[in-house]
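Going down the list, the protein sequences come from chains P and C. With the first letter of the first sequence counted as 1, position 283 gets the number 283 in the numbering used here; the numbers rise by one all the way through. With the first letter of the second sequence counted as 1, position 38 gets the number 38 in the numbering used here; the numbers rise by one all the way through.
Simulated from the structure, these hints should not be mistaken for laboratory data. All the pointers check out, no bait thrown in.
With a Cα cut of at most 25 angstroms, we get these calculated SDA-like pairs of lysine to any residue:
hint: 1; chain 1: P; residue 1: K133; chain 2: C; residue 2: G79
hint: 2; chain 1: P; residue 1: K205; chain 2: C; residue 2: K80
hint: 3; chain 1: C; residue 1: K160; chain 2: P; residue 2: H135
hint: 4; chain 1: C; residue 1: K117; chain 2: P; residue 2: L154
hint: 5; chain 1: C; residue 1: K162; chain 2: P; residue 2: D116
hint: 6; chain 1: C; residue 1: K80; chain 2: P; residue 2: E126
hint: 7; chain 1: P; residue 1: K268; chain 2: C; residue 2: N94
hint: 8; chain 1: P; residue 1: K268; chain 2: C; residue 2: D116
hint: 9; chain 1: C; residue 1: K268; chain 2: P; residue 2: T92
hint: 10; chain 1: C; residue 1: K158; chain 2: P; residue 2: D116
hint: 11; chain 1: P; residue 1: K133; chain 2: C; residue 2: D78
hint: 12; chain 1: C; residue 1: K117; chain 2: P; residue 2: G270
hint: 13; chain 1: P; residue 1: K117; chain 2: C; residue 2: K160
hint: 14; chain 1: P; residue 1: K133; chain 2: C; residue 2: N77
To be clear about the criterion: a stretch of chain C counts as covered by chain P if any three or more of its residues have a C-beta under 8 angstroms from a C-beta of chain P, and this derived list gives those stretches:
hint: 15; stretch: 114-125
hint: 16; stretch: 128-135
Beta carbons: idealized from backbone N, C-alpha and C, even for Gly.
Number of protein chains: 2
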Amino acid sequence: MASDYGIVIHGGAGTILKEKMTPEREVQYREKLTASLRTGYDILENGGKALDAVQAAVKVMEDSPLFNAGKGAVFTNDGKNEQDACIMDGRTLNSGAVAGVRQIKNPIDLARAVMDKSEHILLAAEGAEAFAKLHGIEFADADYFYTEERWKQLQAAKYKEKMTQTDYSQLDHSDDKHGTVGAVALDRHGDLAAATSSGGMTNKKFGRLGDSLIVGAGNYANNRTCAVSGTGHGEYFITGVVSYDVSALMEYRGLSVEQAADMVVHEKLGRLGGTGGLIAIDRAGNFAMPFNTPGMYRGHLLKRQAPVVMIFQE
Amino acid sequence: MASDYGIVIHGGAGTILKEKMTPEREVQYREKLTASLRTGYDILENGGKALDAVQAAVKVMEDSPLFNAGKGAVFTNDGKNEQDACIMDGRTLNSGAVAGVRQIKNPIDLARAVMDKSEHILLAAEGAEAFAKLHGIEFADADYFYTEERWKQLQAAKYKEKMTQTDYSQLDHSDDKHGTVGAVALDRHGDLAAATSSGGMTNKKFGRLGDSLIVGAGNYANNRTCAVSGTGHGEYFITGVVSYDVSALMEYRGLSVEQAADMVVHEKLGRLGGTGGLIAIDRAGNFAMPFNTPGMYRGHLLKRQAPVVMIFQE
Numbered sequence: 001m002a003s004d005y006g007i008v009i010h011g012g013a014g015t016i017l018k019e020k021m022t023p024e025r026e027v028q029y030r031e032k033l034t035a036s037l038r039t040g041y042d043i044l045e046n047g048g049k050a051l052d053a054v055q056a057a058v059k060v061m062e063d064s065p066l067f068n069a070g071k072g073a074v075f076t077n078d079g080k081n082e083q084d085a086c087i088m089d090g091r092t093l094n095s096g097a098v099a100g101v102r103q104i105k106n107p108i109d110l111a112r113a114v115m116d117k118s119e120h121i122l123l124a125a126e127g128a129e130a131f132a133k134l135h136g137i138e139f140a141d142a143d144y145f146y147t148e149e150r151w152k153q154l155q156a157a158k159y160k161e162k163m164t165q166t167d168y169s170q171l172d173h174s175d176d177k178h179g180t181v182g183a184v185a186l187d188r189h190g191d192l193a194a195a196t197s198s199g200g201m202t203n204k205k206f207g208r209l210g211d212s213l214i215v216g217a218g219n220y221a222n223n224r225t226c227a228v229s230g231t232g233h234g235e236y237f238i239t240g241v242v243s244y245d246v247s248a249l250m251e252y253r254g255l256s257v258e259q260a261a262d263m264v265v266h267e268k269l270g271r272l273g274g275t276g277g278l279i280a281i282d283r284a285g286n287f288a289m290p291f292n293t294p295g296m297y298r299g300h301l302l303k304r305q306a307p308v309v310m311i312f313q314e
Numbered sequence: 001m002a003s004d005y006g007i008v009i010h011g012g013a014g015t016i017l018k019e020k021m022t023p024e025r026e027v028q029y030r031e032k033l034t035a036s037l038r039t040g041y042d043i044l045e046n047g048g049k050a051l052d053a054v055q056a057a058v059k060v061m062e063d064s065p066l067f068n069a070g071k072g073a074v075f076t077n078d079g080k081n082e083q084d085a086c087i088m089d090g091r092t093l094n095s096g097a098v099a100g101v102r103q104i105k106n107p108i109d110l111a112r113a114v115m116d117k118s119e120h121i122l123l124a125a126e127g128a129e130a131f132a133k134l135h136g137i138e139f140a141d142a143d144y145f146y147t148e149e150r151w152k153q154l155q156a157a158k159y160k161e162k163m164t165q166t167d168y169s170q171l172d173h174s175d176d177k178h179g180t181v182g183a184v185a186l187d188r189h190g191d192l193a194a195a196t197s198s199g200g201m202t203n204k205k206f207g208r209l210g211d212s213l214i215v216g217a218g219n220y221a222n223n224r225t226c227a228v229s230g231t232g233h234g235e236y237f238i239t240g241v242v243s244y245d246v247s248a249l250m251e252y253r254g255l256s257v258e259q260a261a262d263m264v265v266h267e268k269l270g271r272l273g274g275t276g277g278l279i280a281i282d283r284a285g286n287f288a289m290p291f292n293t294p295g296m297y298r299g300h301l302l303k304r305q306a307p308v309v310m311i312f313q314e
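Chain P on its own, in the form it takes in the complex:
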């Protein structure tokens, strides 16, 4: 299925079951994923950069309450939102990332500004927001990030924690660990890029940071190999250095992007006990979207093909 340009996206992996999904909600997801694909693809078709395409595609998902990133970010234990994002340019290996930002409307835009306008890669929390102010990045207040569904998820988590007298972080809550959005793209110039944005984990405490902000863990791009964005239980993606591992298996073992992505998700991640998935694309437009959860919101749109959007195992 090689192509000379195209984009692949995900909107999170987890316990997404057909029997729990209403037809209306499924339509909403499919429409938003398609809109994200088309936004990124239009940039590619017009000769734009993969970097701009992945940023724009992620932004569409950040602006929707459906995904755990941007507008739809989950609440921390103290009723705030703390978001992470990372973007990487496969041509230059430049990257930018932000950790634990609370008031940024589109964390992926701030990650891009860090990449373009700072000599650093990773800026955190208030410091990252001070940088955002200097560079005219759009802020949003608590009202913007409030969604009734996410608030209920926080209350449910707190109730469960209280009833079981157990630190919530010790409870099973595999679902709400899996909401991350991401995009990988190949442009007409032959360049790759990857972008990932995450709203974190419901009821999280202690300033926990996940894999989405970490180059090589949740996000990686390198023209020598591939562009990768991950979604899943972040701790396992950090331990497995998952995104870079796909690249290393291609570079050092000569595996194809499909072989490398499958090995990392179905063998290595599984062996660690980790759940989730990833999307990856190489410079020939070959791509993979493996996951080991019941579902992963995902889609691809390659040169002169129709957009394809999927949610469940199929």
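Following the hints, complete the assembly by docking chain C onto the known chain P.
Coordinates of chain C only, in the frame set by chain P:
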């Protein structure tokens, strides 16, 4: 030089020149590096765990004003200290890390507590300190972290910034990017571990985080391959996924630890334009300490050998 147990440490790489070093200061460094080695080695010799050895060895350097970690951490732009640390167990692949903590006497102890007592890997800033309080980790106030030398370095950096009307982050300050301490060890049970702690960058702003806290960038351990701790210009270590790359070259290409470490530092890091060094040890006790800067504080102490401490190219 294979051995069935031993420890290798570094105290930072950078523009460390023999002509700029007083004999008294050189003695201080050599003594402290030797003390760090002996502390870790004693644990190994008594049948203790590599994990405990690297933590204890790093702690000795954190407690000294000579190194940019713990007591000797450099000042941020607002006159505070923000420290990062990471520890990883090569047997289980468990790890713990903290980012941007300000009041923790020994950040490596907190990283260890995150590893042992949390289901998360990475905790940041105030959240990490709240976790520290719950788990009885020792705090230290601003007086403890104040050292005249580091304060002067901050004033000099600010003066330079003012005089040149340039954001300090854009100026050349390659020296103060290179202060990190780390240890890697092999224990009698055949297990590997790595620990890294960093005081960050003089005059840093915007909550910049470096590579030391990132599994696979500045710190990595895996019994299948090796344990690695890096020191240098952190952004390049993040871009190169340097610590995991040593492991990947061993696992996927079959390189020895010396070959893999040399290739990563002398070829790959250099190609990116990055400066620094790393230490690495494998399960046979083979080790490497490559760096591409004028000097790196470093040493090794292997089973029944004398401690060896080095500073310059030699």
